[in-house]
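Protein sequences appear in the order of chains A and B.
Heads up, the first sequence is in our numbering, so the first residue is 321 and it goes up one at a time.
Heads up, the second sequence is in our numbering, so the first residue is 839 and it goes up one at a time.
FYI, nobody ran anything at the bench for these hints, they're computed from the structure.
Note that the structure is a prediction, hence the values are computed from the model and not measured.
Every residue gets a Cβ at the ideal spot worked out from N, C-alpha and C, and that includes glycine.
One or more of the hints may lead you astray.
[Said to hold, decoys possible] Result set (DSS-like, lysine-lysine): computed pairs, CA atoms no more than 30 angstroms apart in a straight line:
1) Lys1031(B) to Lys564(A)
2) Lys564(A) to Lys880(B)
3) Lys567(A) to Lys901(B)
4) Lys1031(B) to Lys601(A)
5) Lys880(B) to Lys559(A)
6) Lys585(A) to Lys1105(B)
7) Lys341(A) to Lys1100(B)
8) Lys341(A) to Lys880(B)
9) Lys601(A) to Lys1100(B)
10) Lys624(A) to Lys1100(B)
11) Lys1073(B) to Lys1086(B)
12) Lys1012(B) to Lys449(A)
[Said to hold, decoys possible] Covered stretches of chain B (in silico footprint by chain A; criterion: 3 or more residues with CB under 8 angstroms from a CB of chain A, positions within the stretch not fixed):
13) 877 to 885
14) 1102 to 1109
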Amino acid sequence: MEKINKVSVPMREQSPSERIKNFKSVPLGYSEEEAKTEAQRCLQCPDPVCEAECPVSIKIKDMIKEIGDGNFKEAFLIAKRDNPVPAIAGRVCPQEDQCEGVCTMKNIGDPINIGKLEAFIADWAMENKVTEEINIKDKKEKVAIVGSGPAGISCAADLRKLGYQVSLFEALHKAGGVLQYGIPAFRLPKEIVEEELSCLEDMGVDIQLNRIVGQNVTCDALMDDYDAVFIGTGAGAPKFLGIKGEKLMGAYSANEFLIRTNLMKSYKFPEYDTPIIVGDKVAVIGAGNVAMDAARCAIREGAKEVYIVYRRTINEAPARNEEIHHAIEEGIKMLELVNPVEILGNEDGWVSGLELQKMKLGEEDSSGRPRPVPIENSNYRMEFDTVIEALGTIPNRLFLSKTTYLKKDPRDRILVEHNLVTNIQNVYAGGDAVRGNATVILALGDGRKAAASIHKYLGEKANAQTIF
Amino acid sequence: MKHAITKKVDLNNGDYLMEVEAPNVAEKFQPGNFVILMTREKGERIPMSVQKAEDGKVSLFIKRLGKTSKELDRYKVGDSFFQVIGPLGIAPEMKKYGNVAFCSDLVCGHAENYAFCKGLSEIEGNNVISIQTFPSEGDIYPESELTEHLCDEFYLTTVDGSKGRKGHYLDIVKELLEERKIDYIFAGGDLSKLRDLGELTKPYLIPTIITVRQIMIDGTGMCGSCRVFVDGEMKLTCIDGPMFDVHKLNFEDILHRVGMYKGEECKAMTAFEKQ
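Chain A extracted, bound-state conformation (with noise of 0.2 angstroms):
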C-alpha cells in the first residue's frame, strides 16, 4: 500500500502585500499536477462521510477518485450534476463544517482540500469549454422563481433538467443575487459567477433582470400564469444597530459598502461611475463573512488601518476561519470585547470616531457562545473616519409588504413545511428567505430541494388531470 500523505497540497495564493492592490482572487488555483496529488491522498472511504455533510449530496469520493485518475471530465461532470455552481460553491462554501470538517484524514493528517479540487475541477471545465450536455424533454408547465440568488440558481437549474419551463425574475440589473453583490470579486471572481449563471441560459432558463416581484410584477399574477412559484429572494436588507450616528456621512451598512464595491465597481471609480469614500481608519462593526469582506474591501479602496470591531472574542467570531487568516494577513486588526455604543461626528456631519463600552465574556447564550457582558464605566473614544456595520442581514420588506399572505415567522423569514412548501399550496420558499442568515450552500441546497418537491407537486397534479 502506498504512504499516505498526511499533509495537504497548499494553494498557492497572491502575498498579502500585493492583493491588497488588488480585487483578483487570493487563491491562485490548484495546477492539474498539484490537483492530482491532493486528489490522491483522499483514502476512498468504503462510506464516504464526507457526502452525508453535502447539503446539494455532490459524490465527493467518485469526484476526488476521478481527478486523483487525472480523468478531468468526468470529475467536473461527477460536480455538476449535483451542484449547477461548483466554481462558486468550490470557493465560498463553509467545507471546514462540512465535508472536509468529517473527512476521515482528518483523524490523521490535513483533511482532503475538497472545497479547493471542487473549484479546481470547474474552473477546469470552464478553461477548456467542457460543458454538460443535457438531453431536456420540454414540458408544458411552467415555474417562476423570484431571487436569481443560490437558491433560484439551482431550483432552476433543476427543474430546467426535468423539462419545465423556468423564468428566474431578478430585481437588480445583473443576476446571481449575493454573489454578484455582496461577495468580492478576490474571493469570488464575478466572471466565475457569469459563466457559471450563462450555463442557465444555456439550457433555456428565462432570467428576466429588472424584475422587482411587488413593484412591477406581482406575486399574484406569478401564482395565477405560472403552474408553481419558488421564493429565493434572500435575506438582503441590512440591520442597524440602532445606535446615535447612523444618520452620518461615512457612516455605511455594510450592505451598502459591498453593493457600491461589488455590483457597482466603486473601486474602478471614475471608470465605473458609482463613487464610495473610505476613510483613513476605518471600523467594521461585526465579526461574520461579511464583515471580514467589507473591512478586506475596505483596505483594498485605499484604508490605511481598518479594525473589527467585536463585542466578543475573535474566537467566537462567526466568520469563516479562512476569512479571519486572510484578514488578518491583510492587515486588518482585531478590536475584541467593544461594543459600539454610538458614532461620534464632528460639525460638518461626517464620522469621526465612536465610543466603545469594554465587554467581557459571560455565561454561555443560546447561540452556545459566552455572551458578551458590559463592563460599567468603561466606556472610551477611538478616531474613524469611517464606520461600516456587518450586523447581519434580514429579509427584505419590499417582497413581504406586498405578499401578506404568506405566513411568516416574527422575524419576517417565510414559514415553509419539511418539502419547503409555504402555505399556499403552488409557492415554496428557501434559501435566507426562510433561514434568516445563512449559508450560499445550504440555499443551494433548499433550492435542489424545493425543484424536487416542485416536480413531485405538479407530477401528481398532471396525473390527476389524466385521470379525470
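The hints should help you fit chain B onto chain A, whose structure is shown.
Below, chain B without anything else, positioned relative to chain A:
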C-alpha cells in the same frame, strides 16, 4: 431589454425631457413612483422622477448637472439606455383629497407635479391647485409641459418677477392658507424649500407630503443608504418613501447626507470633461 430614446426636448437652458421605451415600468407607474436609470453598464443607478408614463414609454425631466446628467445629455433620439428600472417607491393613493395642491420649484418636482395633477384631476371631488416656480421668465417650460391644462387652479411664479407672480411657491401657499381651507399639500423640488413649506403649513395642521431625494443605489431596500428618520424611526426613502409627511422628518440629516458625494462628483466631472 433595449430602452430606446423616442423623444428629447429642451425644457429650458438647463432642463430637458427625455421619453424612453420602458414597457414594464410604464405599465405599473403611479404618480409618486420613481425610476432608476443607468445610461450604460458602467453607469450609476440614478433615481429619476417621471412626468408621464403611457404607451410603454416614460418621460423623464432631467437637469444638466453633474457628470452623469452631462453624460446623459449626449444621448439622442434613437440611442438606447442600458437600463430603466421601476416603478419604485410607494405611490400615494389617488383619491379624493378636496382642495389639494402640488408645489414644485425644480426639475424633478415639476415632473412629479405634472404626474400628480393628471392623477388627482381624474378623481371626482378634487380641486387641484398646481403651483410652479421658476427662477426667471427664460426658464419657464413650454406650455405643454406645464401643469396648467391638467389642474383647476394654476399659479406660475418667477423668483425675479419677470413673468407670472413674483416670488416662490411658498408665497402663494402662504396667501392661499390665509384666504381659505386647503385640505392636502404635496410638493417636490428643492429640499430646503420643502423644509420651509413644512414650517409654513404646520400651524395650519395641513397634511404636507413631500418627495425626499436621497442618495440610493439599488432602490429596493437593500443598501440602506437612503435612510431618513421619520418621527425618530429609521425609514428607507426607496421602499418606505419617497414621499413622507414633512412634519415628521428630520431635515438636518437629510440635507447633510445628500451632499455626501459632492467631492467625488467633482472628480468624476473633471475626469469626464478631460475625455
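Quick rundown of the hints versus the structure:
1. Between lysine 1031(B) and lysine 564(A) the CA atoms are separated by roughly 27 angstroms; this keeps the pair inside 30 angstroms, and the hint holds.
2. At most 30 angstroms may separate the alpha-carbon atoms for a hinted pair to count; lysine 564(A) and lysine 880(B) exceed this at roughly 35 angstroms.
3. Using a Cα cut-off of 30 angstroms, the hinted pair lysine 567(A) and lysine 901(B) holds, with the two alpha carbons roughly 27 angstroms apart.
4. Distance restraint check for lysine 1031(B) and lysine 601(A): the Cα-Cα separation of roughly 36 angstroms exceeds the 30 angstroms cut-off, and the hinted pair is therefore not satisfied.
5. Taking the CA atoms of lysine 880(B) and lysine 559(A), the gap is near 28 angstroms; set against the 30 angstroms cutoff, the hint holds.
6. Using a Cα cut-off of 30 angstroms, the hinted pair lysine 585(A) and lysine 1105(B) holds, with the two alpha carbons roughly 16 angstroms apart.
7. The straight-line distance between the Cα atoms of lysine 341(A) and lysine 1100(B) is roughly 26 angstroms, inside the 30 angstroms bound, and the hint therefore holds.
8. A C-alpha spacing of about 21 angstroms is found between lysine 341(A) and lysine 880(B), which places the hinted pair at or below 30 angstroms, so the restraint holds.
9. At roughly 21 angstroms between alpha-carbon atoms, lysine 601(A) and lysine 1100(B) fall within 30 angstroms of each other, so this suggested pair holds.
10. Between lysine 624(A) and lysine 1100(B), the direct Cα distance comes to roughly 23 angstroms. Compliance with the 30 angstroms bound is thereby established for this hinted pair.
11. Taking the CA atoms of lysine 1073(B) and lysine 1086(B), the gap is near 12 angstroms; set against the 30 angstroms cutoff, the hint holds.
12. Annotation: proposed proximity of lysine 1012(B) to lysine 449(A) is violated, straight-line Cα distance about 71 angstroms (limit 30 angstroms).
13. Judged by the Cβ-Cβ criterion of 8 angstroms, the region 877 to 885 of chain B is covered by chain A as claimed, because 4 of its residues qualify and three suffice.
14. Note: the region 1102 to 1109 of chain B has 5 residues with beta-carbon separation from chain A under 8 angstroms; the three-residue rule is met and the coverage holds.
When the structure is compared with the earlier hints, violations turn up for hints 2, 4, 12 and for no others.
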